[in-house]
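*Asks:* Protein chains in written order, with this note's numbering: chain R, 1 to 151; chain D, 1 to 973.
No wet-lab data here; the hints were simulated from the structure.
Check before you lean on any hint, since a few could be wrong.
As the list claims (entries may be wrong) - Distance windows between CB atoms, simulated:
#1 G112/R with E855/D: 48 to 58 angstroms
#2 E881/D with K136/R: 35 to 45 angstroms
#3 L6/R with D883/D: 31 to 41 angstroms
#4 K666/D with A143/R: 24 to 34 angstroms
#5 N59/R with E855/D: 15 to 25 angstroms
#6 Q118/R with E421/D: 53 to 63 angstroms
#7 K566/D with Q32/R: 47 to 57 angstroms
Stated by the list, open to error - List of simulated lysine-lysine pairs, DSS-like, C-alpha gap at most 27 angstroms:
#8 K63/R with K29/R
#9 K845/D with K29/R
#10 K387/D with K9/R
#11 K20/R with K845/D
All C-beta atoms, glycine included, are put in the ideal place defined by N, C-alpha and C.
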Amino acid sequence: MDGVILLQKQLVDYSTSLYKEGFLDDQFKQLQQLQDESNPDFVVEVVYLFFEDSERLLNELSKTLNQQIVDFKKVDAHVHQLKGSSSSIGAQRVQKVCIAFRNYCEEQNTEGCLRCLQLVKHEYSLVKNKLETMFKLEKQVLAAGGSIPMH
Amino acid sequence: MGQKMQQSHHMVAVTVNEQLGTKRKYKFFPRAWLPKILALWIVLMLFGSRTIYTRLDVVTKERRKEVLASMCDQRARMLQDQFSVSVNHVHALAILISTFHYLKNPSAIDQNTFAEYADRTGFERPLFNGVAYAQKVVNSGREDFERQHGWIIKTMKGEPSPIRDEYAPVIFSQETLSYLGSLDMMSGEEDRENILRARNTGKAVLTSPFRLLGSHHLGVVLTIPVYRTELSPNPTKEERIQATAGYLGGAFDVESLVENLLSQLAGHQAIVVNVYDVTNSSDPLIMYGNQYEVGDMALEHVSGLDFGDPYRKHEMMCRYLQKAPTPWSALTTAMLAFVVLKVRAEAADVAKSQFLATVSHEIRTPMNGILGMLALLLDTDLSATQKDYAQTAEACGRALVKIINEVLDRAKIEAGKLVLETVPFNLRSTLDDVVSLFSEKSRRKGIELAVFVSDKVPEFVMGDQGRFRQVITNLVGNSVKFTEQGHVFVKVHLLEQATAVMDAKMINCMNGESEGVPGDHQFQTLSGYEAADNQNNWHTFKHLIADEDTGYHDSGKVKTDDASQKVSLSVCVEDTGIGIALHAQDRIFTPFMQADSSTSRNYGGTGIGLSISKCLVELMGGQINFISRPKIGSTFSFTVDFRRCEKYAVSDLKKSISDDLPSAFKGFKSILVDAKPVRAAVTRYHLKRLGIQVEIVNSIRIVADLFRKNGSIIPLNERLPDMIIVEKDSWMSDEDGCSGLQLLNRKQNGHTYKEPKMILLATNISNGEFDKAKAAGFADTVIVKPLRASMVVACLQQVLGLGKKIPGKDMCKGSTFLRGLLDGKKILVVDDNIVNRRVAAGALKKFGAIVECVESGKAAIKKLEVPHSFDACFMDIQMPEMDGFEATRLIRDMEKNANEQWNVGCVNNDEATKRCAWHLPILAMTADVIHATLDKCLESGMDGYVSKPFEEENLYREVSTFFESKPLPDSVV
Chain R
1 MDGVILLQKQ LVDYSTSLYK EGFLDDQFKQ LQQLQDESNP DFVVEVVYLF
51 FEDSERLLNE LSKTLNQQIV DFKKVDAHVH QLKGSSSSIG AQRVQKVCIA
101 FRNYCEEQNT EGCLRCLQLV KHEYSLVKNK LETMFKLEKQ VLAAGGSIPM
151 H
Chain D
1 MGQKMQQSHH MVAVTVNEQL GTKRKYKFFP RAWLPKILAL WIVLMLFGSR
51 TIYTRLDVVT KERRKEVLAS MCDQRARMLQ DQFSVSVNHV HALAILISTF
101 HYLKNPSAID QNTFAEYADR TGFERPLFNG VAYAQKVVNS GREDFERQHG
151 WIIKTMKGEP SPIRDEYAPV IFSQETLSYL GSLDMMSGEE DRENILRARN
201 TGKAVLTSPF RLLGSHHLGV VLTIPVYRTE LSPNPTKEER IQATAGYLGG
251 AFDVESLVEN LLSQLAGHQA IVVNVYDVTN SSDPLIMYGN QYEVGDMALE
301 HVSGLDFGDP YRKHEMMCRY LQKAPTPWSA LTTAMLAFVV LKVRAEAADV
351 AKSQFLATVS HEIRTPMNGI LGMLALLLDT DLSATQKDYA QTAEACGRAL
401 VKIINEVLDR AKIEAGKLVL ETVPFNLRST LDDVVSLFSE KSRRKGIELA
451 VFVSDKVPEF VMGDQGRFRQ VITNLVGNSV KFTEQGHVFV KVHLLEQATA
501 VMDAKMINCM NGESEGVPGD HQFQTLSGYE AADNQNNWHT FKHLIADEDT
551 GYHDSGKVKT DDASQKVSLS VCVEDTGIGI ALHAQDRIFT PFMQADSSTS
601 RNYGGTGIGL SISKCLVELM GGQINFISRP KIGSTFSFTV DFRRCEKYAV
651 SDLKKSISDD LPSAFKGFKS ILVDAKPVRA AVTRYHLKRL GIQVEIVNSI
701 RIVADLFRKN GSIIPLNERL PDMIIVEKDS WMSDEDGCSG LQLLNRKQNG
751 HTYKEPKMIL LATNISNGEF DKAKAAGFAD TVIVKPLRAS MVVACLQQVL
801 GLGKKIPGKD MCKGSTFLRG LLDGKKILVV DDNIVNRRVA AGALKKFGAI
851 VECVESGKAA IKKLEVPHSF DACFMDIQMP EMDGFEATRL IRDMEKNANE
901 QWNVGCVNND EATKRCAWHL PILAMTADVI HATLDKCLES GMDGYVSKPF
951 EEENLYREVS TFFESKPLPD SVV
């Protein structure tokens, strides 16, 4: 029983740190609110959709930005998508980079865009890592017979 | 000040003496001198008044000049702007010709097309009597040109054109200018110059003014070159001539333009405006205005005009119509100045209200998020304390939103535009709300906050609840802010009671009843601290209550004169705070005035609240005043007139207002242990509201004694109390007595009697004290003051174990309502972003909706082909290919067609069938909730928008306008 409590505490601490360090914002909490018995895997499902979609977009972005003549309209459309989905799940650091990204895009600044691409890839991998760790912890808690503490 | 006054009195006296002295001196002048002195006096007077007059006149003249200048400049600027707008439209036409006549092969324009297009777009150029296009033809190409068109080039006089280097025959013309067809525009001297200038510069050029055919208004011809190819960024003159394909021209009615413009402006009768063409500065040509000089010739102002033709120079000259020295003119000037100032002030007002609107919007949006989350939190299983905290937070949030609205209202109060509402409301629960606003703060400061409403005050009154609450909130807020120890006490009773009490008190005084209680150093106030006004001391207060107890049975139907439906209330807010410095007491109701500057340093705030409160109280037919003693406290009292609520209305209200108090406690008996009589009366008031009988005793020992006796003597015919509520002070001062009580209870428990619950009442309690209280036999739940009905109910329910939740009571928040609205509704979500789609669907499904998603506007249109079974559509705005606006427009078109067909199909077109029209509620989903976006949403046929990501409140607000709420089985009261 103590083990479960320990795990639960670990999970709470970990997710609190994610908010504190700004990886996630309240939108993620909203997402968690939407999960209930009728929809038990909602958060994981949406987050994995986000991973899938983001990876596709990041690939597209690398391709588009490495072309001889950069199609900034296309870049902007991709970044807009990424911004939308990251804000939907509350990955606010990714979202913030997207805002800067779009500014460079508007200026047609290829170098700025490439820098932002690196940055957004970095932030994305960070938040992906963190979320996966959190899900792992949640699984452990559930496996040990505990319930996921609400935030 | 007093000193100053004295001084000035003194000076007056001296002057009078001097005058007397002069008078007396007259006697020393010979009589013959008198007329001379009189004459001198008159001359001096004249001179003096002239000086004053001149000085005043200079000031007036200066002001006149300024006003004229600003009016003239304003008109010139507007004329220029409107002119350039018209020119832009002609420019667009020039580009049309260049695009469709020259860049397209074969040309897409012929005379008929041009005439029709120009005619149909004529509304954009209301001041042009027509436009015509002349093609550039060099002599070598004349033959080809004439053969191609089947007519020969004619001069302006209508004769076949002699041979020239170059021609500009009109090939397209608007209907109104059809007489220009085939005429060579270069055959007229001025037109030729214009054409050459236009193609050399690429700009719209103007002729000098002349009378137009038909209207006989003064006008100018405007010529714009049309180039065959796109020009390089900085073309030379030669390149321009080379690229020229022709010239677009039109006659521009300057007179109408200026006339229209001036008539729209305030004060247009007061000034004379002339517009001149001053290209040749020695011979200005009039373009608008009276050729004969009228108006006040002494003063004129000239503003430059730039109509975009660098060659021509234009200017506007303004004069006053009336001469200055006549009073009429002075009056006009004053009025003009007033008008200008008014316009400016209105502009400033608009800016201010826009600012307020923006700022309050910025605050409201996150506030809605906070409120939504709190609503969700309240749906979860919380302990009584947690629930109280959450509810408090929610109430505060709501109050904040209200305050923002109130800030907006402030402007209205100032403008005298505030209209009071007259709606029935529950006064007691309004006061509970106010208490909940400040409960956290008062607990933290350790001051006692309490509300007492006399039983004679009806439960429901008709009036403006919001304004009443605003005043109370302001006064209590101030009191809590400025009080560090002691109490803040709000008391409401009928005005007539107050007078009755005063009478009673007078009698007591005359009977020699002493005010002080011997051997008691504390004051008999709520908390024992001294207050500025002793109206709430026990000696006065007890009369109020005594009065009440006698008339208790007919409470609610007070015997005021029934003819007048007026309920006059007297409200007082008493605190034991820092008080108001004597010197500041007379300006306390002046806006932005805190008692002194150090106050605002220590306590913050703008000091506007009291002035608003005063306005509001006066609007509600009352008066506000105060008694304050520095370092002791302040008592603000105000009266207010409400109207009595009709009886039948009251019973209806009780049914409809969800926060009606539960009746589960009716008939319960309680003993309240509190040595402070005023405080005990307040507690008793709150318990009585729940129908609980209250017996007040001074100390725990008395209760213990009572029980000892009861244990053996009375049990057969008298029921024991259900609860013993002990004020923390009384317990702390007599812990032993308490433990005795506990032992006794245990013994009783063995018998048939139900053990009374012991409940502690405290403003604050430490963990140590709490443990001790538990050990002494008190219930786990401590009632933490300030008291208010819903909180007392929650605590008592927990202690007495009466149904954990009263169903429906706490549930009627957004989410259940949303469930009621959305349950079973079929909703289409349109968003190109897969993650957003999933989240939106998740949110809507949570409220019971059946959700279908598509990823593009096109797919949405396919889904929404009539007939379909959707109840609503949530549409993303920014999507590739087809955005939300476009998709909505197309959907609306489809619906319109379907509706028309339906109506045609119906043979007997009666109203019932006609009404069944397709109109699917479409809501935009957007991250930027700015007004421009909303406008665009509505324009394209959407019904509203929800912010993205979804917020419950916002969603609820929008959705509730479309769907009727159907009660859910689990949310019925």
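*Asks:* With reference to the structure, classify each hint as holding or not holding.
*Replies:* Against the structure, the hints:
In this structure, G112/R and E855/D break the distance hint of 48 to 58 angstroms, their C-beta atoms being roughly 30 angstroms apart. Checked against the hint of 35 to 45 angstroms, the C-beta distance between E881/D and K136/R comes to roughly 40 angstroms, which is consistent with it. A C-beta distance of roughly 51 angstroms is found between L6/R and D883/D, which places it outside the suggested range of 31 to 41 angstroms. Here the CB-CB span from K666/D to A143/R is close to 51 angstroms, at odds with the stated 24 to 34 angstroms.
Roughly 19 angstroms separates the CB atoms of N59/R and E855/D, a value that falls within the hinted 15 to 25 angstroms. Hint check: Q118/R to E421/D, Cβ distance near 59 angstroms, so the stated range 53 to 63 angstroms holds. Between K566/D and Q32/R the C-beta distance comes to about 54 angstroms, which sits within the given range of 47 to 57 angstroms. Between K63/R and K29/R the alpha-carbon distance is near 34 angstroms, which puts this suggested pair outside the 27 angstroms criterion.
Under the criterion of a C-alpha separation no larger than 27 angstroms, the hint pairing K845/D with K29/R is consistent with the structure, at around 17 angstroms. A C-alpha spacing of about 23 angstroms is found between K387/D and K9/R, which places the hinted pair at or below 27 angstroms, so the restraint holds. Between K20/R and K845/D the CA atoms are separated by roughly 30 angstroms; this puts the pair beyond 27 angstroms, and the hint is violated.
Going through the hint list in order, the structure does not satisfy hints 1, 3, 4, 8 and 11.
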